[in-house]
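Protein sequences appear in the order of chains A and B. Read in order, the letters of the first sequence are residues 0 to 298 in numbering that gives the first Met the number 0. Read in order, the letters of the second sequence are residues 0 to 420 in numbering that gives the first Met the number 0.
In case anyone wonders, no lab produced these hints; they're calculated from the structure. Remember, predicted model here, so these are calculated numbers, not experimental data. For every residue, glycine included, the Cβ atom is placed at its ideal position computed from N, Cα and C. Heads up, a few of these hints could be off.
[Unchecked claim] Pairwise CB distance ranges, derived in the manner of DEER restraints:
1) D287(A) / V15(B): 51 to 57 angstroms
2) R179(A) / L12(B): 55 to 61 angstroms
3) K69(A) / T325(B): 39 to 45 angstroms
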Amino acid sequence: MDAISVRDVTKSFSTQRAVDEISFDVPEGSIYGFLGPNGSGKTTTIRMILKILMPDSGEIRVLGKDLDDKTSNRIGYLPEERGLYRSMRVEDQLVFFGALHGLSTAEARRRAHVWLERFDAGDWAMRKIQELSKGMQQKVQFIGTVIHDPDLVILDEPFSGLDPVNTRLLKDVMLELRARGSTVIFSTHQMEQVEKSCDRIMLIHKGRKLVEGLLSRIRQEHGGDVVQVEYSGELPREAVKDLVESINDQGQYAEIRLRREEDAPALLRRLVGACDVRRFQIAEASLDDIFVRVVEAAK
Amino acid sequence: MNRIWTIVRREYLERVRQRSFILGTVLVPVFMLGVTFLPIWIASRTGGQPVHLAVVDWTASLKGKLEPSFSDSLADGSPRFRFDYQTIPPGADPKTLLEGLQKDVRAGDYTGLLWIPADALTGGTVEMYAMNAADPEIGARVGNAVSRAAMTTRLVQHGVPAAETEAISKNVPLKIFKLTKEGVREGGFESDFVGMLLFAMILYMTILLYGVQVSRSILEEKNSRIVEILLKSARPFQLMLGKIIGIGAVGVTQYAIWGLAATAGGAFIRGMSPAFAQATSIPPSMFVFFVVYFLLGYFLYAAIFAAVGAMATSEQEAQQLQWPVTILIIIPIILLTMVMRNPDGPVVTVLSLIPFFSSVMMMMRINLHMPPAWQIGASMVILVASILGMAALSARIFRVGILMYGKRPTLPELMRWIREA
């Protein structure tokens, strides 16, 4: 079954079309990435899934049905620019989030302590949010998102502003949720986050869906014509000009995009003659590359 | 329903625990009692400030006749009113004399100057000069004393024996009784006035205070983006209602504490001074009216303030938007004297039926002179209807505004929100 199913959804704000006829499905138990630059319609799509905003047209089903109060209790949501009540104590704050999702006060308190202990934060329970460092606040925020053990977790730009420790922590939590059968959806404009953790992705640009599906298949379809070269000496740009679409040269390392995939052996021969090649690898295209290409193709 | 309850509970508990709530609950009554009773208490204890008047008596017949009208003494037992009868040098120029003494009053040598012209006994006007002309009590009493002195002098001139003039010119005391529906109460109207002032001020202050808190609380959630988590779990209207109820419950709690304190304090005062207690006692029905009008007034303004909070994007913006609303709340306080003078007049009656002024205005009128039952009923019905209308309107603004970051809406945009929502 699909955790989320979106059909032909459109949303406009006054004159601007924020989301344009988008359709996609998120299979249960997957980690699903929404990718796109800022302002591409990711947050609006998420808000419509959560019924914070209503679509102008189209249909959205969440966990198999039209989102109602009961279903909403099975969802955890981390908004983009997240916040906490500054003058509230950590424990009260977490109990509040738990209670909002149907937990009893006692159960919410128990779980809050389990999570805080797990994050080595048991001592903060009685501290006010405003007394915590930003990294600590982020941990409290994660706990608030998952305290009710949701079947579906939606994270809007979860990695922005995270320090490396919390980035790893969040990824662990995401993997753990998936292992338990929960579905995780997150949006980001940082492609490298997606490459490492997503099963499936959707690329959005200006409110339209560009590409959607299994990450591995998308890579296959759009990759294969990029060569990574580690070298010393000087790259013979002139000599390979006729084979190459573009070169991203960093001095010791270069990513070379070929005009045609089958020219890779020819390229290698010419490079070996001109400089000292230490590594030559036909690579999968990075999502960054794919994104740029797909956007250009759409124009 | 559960979610509204969760929001109400958080709003309530967080506020009741705050130091500012505890401080406000303790300090407001202290302040109110201070403002109301301190001057009375000081006046009753010290017998007021000493009054030292220079007297220029051109009739040359009133010397020593003013003092008998004043019996009050200062804390040390000396008379509060002292009169310095000036000797008028032969051939003195009245103008120079007057100006010289005026200078002395300005310098603080005298509280004031009493200028009694030669024709004072035959219809002339007595003049009093003082730096502080605002004390009407002193003026009235001095005028009365001069009148009595003049009367006794005239009586003597008409052949009445001096010994009898005192009895003839004696003032007739007047005692005021308040006629209520149930009966008669001694003690006049001071308690009505004190009660009205107390109730009107507290009502005005708490409606404003808690209304602004609704607006601030919504703005906080909007700016910290918590609102999105809340909106995922609750519809905008539930969220707005939860906040308004939670903060209103804090107000009612505060009233309950004050009510208990007042009851305890009342019992204490009755023990100490029954007469004072009776003069200032407030019937329990008044508290019922008070809570009802607080809730009605609060809900109306809270709905407006909720929309204000949702529209604003910063604390400064919210304050600008709160201004016009605050003025609406203040208007009844500005009209206080008008209500006092004529609580049943047509203007006051009409104003007290306008929902924005209803709570405070009606509370003033109920304290001064119970308005007809139909007017009280009408004011409540109008208030309830306005609350429902305003809540519907605010909910529409709230729904759109709460997710609008960055920019405050213009008036046309606001109208569109209301139409489209």
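Evaluation of the provided hints:
1. D287(A) / V15(B): 51 to 57 angstroms: holds, 53 angstroms
2. R179(A) / L12(B): 55 to 61 angstroms: Cβ of R179(A) to Cβ of L12(B): about 33 angstroms, so the range 55 to 61 angstroms is violated.
3. K69(A) / T325(B): 39 to 45 angstroms: holds, 42 angstroms
Checked against the numbered hints given earlier, this structure breaks only hint 2.
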